[in-house]
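Please put together the full structure from these sequences, using the hints given.
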Amino acid sequence: MKHLELLLDSLLATAVIIQAVSTTHGLLTAHARNALKAFNHIVTGSQPPPATTPTPVSPRTAPTQSYAQAATHHDPATTAAHLTRAQPASLISRPLPAHTEKPKLVRQRQKPANTAQRLIIRWPGKPVVITPAALTSFVESLNGSLSPHRSVVGGVPPLPLVTGANLTRSGGIAIHVRAPFTAAELLTHRDTILETLDDEAREGMVDMDAIGDPLLELDVPWYGVVVHNVAGPPSVHAMEQEEGMFEPLRRDAGLLRKDIKDVRFLCTDAAWEANLESYSIRIMLEDEAVATRLCRDGTFLLGSLCRVSRYRPRKKTHLQTQGPP
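The sequence shown runs -20 to -1, 1 to 305 under mature numbering (1 follows the signal peptide of the UniProt record, and there is no 0).
Incorrect hints may have been included.
Label pairs and their in silico Cβ distance ranges [claimed, not checked]: (1) G212 x T172: 15 to 23 Å; (2) N255 x A164: 41 to 49 Å; (3) L256 x L167: 38 to 46 Å; (4) R292 x A254: 42 to 50 Å; (5) E120 x S284: 50 to 58 Å; (6) E257 x T143: 35 to 43 Å; (7) N255 x H129: 52 to 60 Å.
Note that these hints are calculated values from the structure, not bench results. All values derive from a computational prediction rather than experimental measurement. Positions of the beta carbon are idealized from the N, C-alpha and C atoms, including for glycine.
What follows is the structure, encoded as structure tokens:
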């Protein structure tokens, strides 16, 4: 068989050379075709096929396949234990977002809103100490004193005008009025409120003789200013006496006592005892226009022209209260 293979190779080589140098298509003779059929029968061991016209067969084309598909082709012999879950194409092609630091939320301290249904009773420089039971008794007595001034509609007595009372941070009393009534309407009964306070004072609610006369005010916003570099002792300590603080403010700054809500020295206890050369004073005003004018022009106080700025409270600042009783 080895010899036969060599002969076949020589035959094929000869046929290729003849076909290459020939200008016409070479046809096999009948003898050559019969010899090839006999040779095929001997090699394959099967009967020769019948002589029929061959059917043209279209060439088989391999399916087109992209590089990505060919790269992701898995060997069928690979077991499921060796397969890993492929990531979605959207996650692979999508660029990762840049890491940005989440802004920190700063919780701001909310100020209590002003309301038309609140009346403030305060003692400048003299905060009062009142128990919840005493406040309840004061509200009940005040509603009892106000009831004769209210009319009865349809035979049904009206609801109490005052819904409650509580202490303020500055040591005053906040009286809450039932809507739609306002604190301005309650303020018209000023004498009734003061008489009720006197009656409760006799029962131990507050010592009216020690703290002086209170001020009744509507719940309106206050505008704070700070007067800087106020002359130190002895002038400041002279202002500790009764009316001592308000008289220089009236004489030098043109501020009347009725327009001033509160006056305090901004300093620590140690600084107050050290007799510094100058101090800062906080003044709370009801008129915003007056506060704006003082910040713009400054003010004279105790013989010096002092700079004035808006008051911005700080948590660590200790307020030393000084004022008339």
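Each hint tested on the structure:
At roughly 45 Å, the beta carbons of G212 and T172 sit outside the given window of 15 to 23 Å. A hinted range of 41 to 49 Å for the beta carbons of N255 and A164 is consistent with their spacing of about 45 Å. A beta carbon spacing of about 41 Å between L256 and L167 agrees with the range 38 to 46 Å that was offered as a hint. The given range of 42 to 50 Å is broken by R292 and A254, whose C-beta atoms sit roughly 24 Å from each other.
Checked against the hint of 50 to 58 Å, the pair E120 and S284 passes, with Cβ atoms roughly 52 Å apart. Taking 35 to 43 Å as the suggested C-beta distance range, the pair E257 and T143 does not conform, at roughly 51 Å. Separated by about 54 Å at the C-beta atoms, N255 and H129 satisfy the suggested range of 52 to 60 Å.
Going through the hint list in order, the structure does not satisfy hints 1, 4, 6.
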